[in-house]
Amino acid sequence: MPAYYFAMEGYHAGDKPDPATDTVISIQYQKIDLTTGEPLEKLTILKAWEDSEKSIVTRFYNQFLKAGIPVTQFIPVGMNLDYAFELILAKCRQYHLPALTSRELYYQRPRFDLAPVIVLLNDGRFKGAGLDTFSAKKSDAGRINTWYERKEFRPIEHTLQDEAETFLKLLQYLSKYKTRLGVTRKGAPVRHRPAEPSPTRSENAHPSRNDAPSSPSVTTEKPAAKKTPALHKSSAQIAKAQPPRKSHAGSRPASPHASKPLTPLRKHTPTSTSNTKK
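Sequential numbering from 16 applies to the sequence shown in the numbering used here.
Since the hints were derived computationally from the structure, they do not count as laboratory data. Careful: at least some of the hints might be erroneous.
Claimed, not checked - Straight-line Cα separation of at most 30 Å, DSBU-like style, residue types lysine-lysine; simulated pairs:
| no. | residue 1 | residue 2 |
| --- | --- | --- |
| 1 | Lys152 | Lys193 |
| 2 | Lys166 | Lys62 |
| 3 | Lys166 | Lys153 |
| 4 | Lys46 | Lys193 |
| 5 | Lys142 | Lys81 |
| 6 | Lys62 | Lys153 |
| 7 | Lys201 | Lys31 |
| 8 | Lys193 | Lys166 |
| 9 | Lys166 | Lys152 |
| 10 | Lys69 | Lys81 |
| 11 | Lys69 | Lys57 |
| 12 | Lys57 | Lys193 |
Claimed, not checked - Simulated DEER-style distance windows between Cβ atoms:
| no. | residue 1 | residue 2 | range |
| --- | --- | --- | --- |
| 13 | Thr36 | Pro170 | 22 to 30 Å |
| 14 | Gly202 | Arg74 | 41 to 49 Å |
| 15 | Asp33 | Gln78 | 44 to 52 Å |
| 16 | Arg195 | Glu65 | 21 to 29 Å |
| 17 | Phe168 | Ala28 | 17 to 25 Å |
Virtual Cβ for every residue (Gly too), placed ideally from N, Cα, C.
Using the sequences plus the hints, can you model the full thing?
Structure follows, in structure tokens:
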């Protein structure tokens, strides 16, 4: 199924864009590989300043949207595709092209809008969720409108090319490193799943325990070498660390319970408790 980078630039006389009244000044599309984000063809820019709004809208409509063309022959990929779709619906009515319905654009046609992904990368905030937030691209707010009014078309074309390149670079990066998120398809082969990082644990540390957790405490908190300093403790320190045992005459054999190792709770019982009982 052919996927295309797709964007439409509109000129708005008011403070905010309105697809119902905006003027289409350019239509950009470029065939890409949706799996990798790599371009398969050169970027095409239909420019209203070299022709007319009606001409570029009609040309685009006849190439991709007219009746009889399967929806899978044009899968739009871009940012904020809702604005472009609403522009198409408004211009079809304005220039009496065969009517398109919102169902044909929004429901029946596959599309990939990167805007929700950008919102997610922007910590769930809609404000500031744009390509310029995650790239060196400058914000286009008001610049293209000003250039169009001044008939400075060269910087407009340069900005549209830069926007397409920036979008594809971000799409390529997300496609290449998506496995770093730790999310894979259900039933995907193990080789496609991201390897779990284990910076403090070597592969041969515990060959007989495959189910051991990958926590750093396996090797850092319980090494055998850390128990050796206990041999250098003085007899007074050892006696203070363990509570005194109750015993009878020296000739009497020790209780069978005395040979059992002390439980952790008894091992750390304060010595003051045993002194009060004397």
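Evaluated hints:
Between Lys152 and Lys193 the CA atoms are separated by roughly 22 Å; this keeps the pair inside 30 Å, and the hint holds. Of the supplied pair hints, the one linking Lys166 and Lys62 holds, its CA atoms being roughly 13 Å apart against a limit of 30 Å. Restraint check for Lys166 and Lys153: the C-alpha separation of about 20 Å stays at or below 30 Å, so the hint holds. The straight-line distance between the Cα atoms of Lys46 and Lys193 is roughly 22 Å, inside the 30 Å bound, and the hint therefore holds.
Taking the CA atoms of Lys142 and Lys81, the gap is about 36 Å. The hint is violated against a cut of 30 Å. In summary, the hint linking Lys62 to Lys153 is supported, as the alpha carbons are separated by about 22 Å, within the 30 Å threshold. About 43 Å separates the Cα atoms of Lys201 and Lys31, which puts this hinted pair outside 30 Å; it is violated. At roughly 42 Å between alpha-carbon atoms, Lys193 and Lys166 are farther apart than 30 Å, so this suggested pair is violated.
Taken as a hint, the Lys166 and Lys152 pair is honoured in the structure, with Cα atoms around 22 Å apart against an allowance of 30 Å. For the hint pairing Lys69 with Lys81, the CA-to-CA distance comes to about 15 Å; that is within 30 Å, so the pair holds. A distance of roughly 23 Å separates the Cα atoms of Lys69 and Lys57; the hinted pair therefore holds under the 30 Å criterion. For the suggested pair Lys57 and Lys193, the alpha carbons sit about 26 Å apart, so the restraint of at most 30 Å is met.
Taken as a hint, the range 22 to 30 Å holds for the pair Thr36 and Pro170, whose Cβ atoms sit roughly 24 Å apart. At about 44 Å, the beta-carbon gap between Gly202 and Arg74 stays in the expected band of 41 to 49 Å. Checked against the hint of 44 to 52 Å, the C-beta distance between Asp33 and Gln78 comes to roughly 26 Å, which is inconsistent with it. At about 43 Å, the CB distance of Arg195 to Glu65 disagrees with the hint of 21 to 29 Å.
Evaluation of the 17 to 25 Å hint for Phe168 and Ala28 yields a pass: the beta carbon distance comes to about 18 Å.
Checked against the numbered hints given earlier, the structure breaks hints 5, 7, 8, 15, 16 and satisfies all the rest.
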